[in-house]
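Could you put together the complete structure from these sequences and hints?
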Amino acid sequence: MKVLIIEDEKELQKSLADSLRKEQFVIETADDFESASEKLAVYDYDCILLDIMLPGGSGLQLLEELKEAGKSGNVIIISAKDSLDDKLQGLELGADDYLTKPFHIAELNARVKAVLRRKMLDGRNAIELANIALDLGERQFMVDGENVALNRKEFDVLNYFLLNKNRLVSKNALAEHVWGDHIDQADNFDFIYYQIKNLRKKLQSAGAGIEIEAVYGIGYKLVEK
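The opening residue of the sequence shown carries number 1 in the UniProt record's numbering; numbering runs sequentially from there.
Take these hints with a grain of salt, some might be off.
[As the list claims (entries may be wrong)] Pairwise CB distance ranges (calculated):
#1 D18 / Q140: 16 to 22 Å
#2 R117 / G57: 29 to 35 Å
#3 G207 / K2: 37 to 43 Å
#4 P55 / R152: 19 to 25 Å
I should point out that these hints are in silico values taken from the structure, not numbers from a laboratory.
We put the beta carbon where it would ideally sit given N, CA and C, even for glycine.
The following block contains the structure:
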């Protein structure tokens, strides 16, 4: 999977590139409007991380070019501009998601994987594995076609695990993704333990063909039974 990072802040660009390379993505970068436009004209990318404020032009103009070429559906806008107008314009132009700086790298990684998974699912906003389905649009979880009630955090935890199936997920990465900035206020990770404990019970009770394994001292891993 090839990802293009269009970002002029060198430190952020490097952090994003290093993190995504660890996830086995092929990374290319561009730090101004002209170089980004050239790469977008020549190559196809599975996901594009796009800053709005770029030397030489606007990321929204690049997004317009991508829309004309039918390639705007795999774009995540990353920008310090927390403007509702910019956000709406970007989404109207076909961007898949929008993150306002500063953000946690773990959250961005998860959103990149979500974009790629939806692309592989031909636009269907659902994740299916074994006998379960997680509908991201309706926020419903089903086992063998039957709805299983999850609270908001349980749904987000399961979503993150499914996006990282068969991968070791650290408690810190999970906390940053699901709880975001509030994780800095936590004294420990007991709240993660209780959410996963309840989620495990629901998976087992519903007869789900997946389970969450604990990796002592490190984190968890979601696998098929």
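Using the C-beta atoms of P55 and R152, is the stated range 19 to 25 Å upheld? violated, 40 Å
Assessment of proposed distance window 16 to 22 Å (beta carbons of D18, Q140): violated, 36 Å
Cβ-Cβ distance between R117 and G57: within 29 to 35 Å? holds, 31 Å
Measuring from beta carbon to beta carbon, are G207 and K2 in 37 to 43 Å? With Cβ atoms ~39 Å apart, the hint holds.
Hints 1 and 4 from the list above are not met by this structure, while the remaining hints are.
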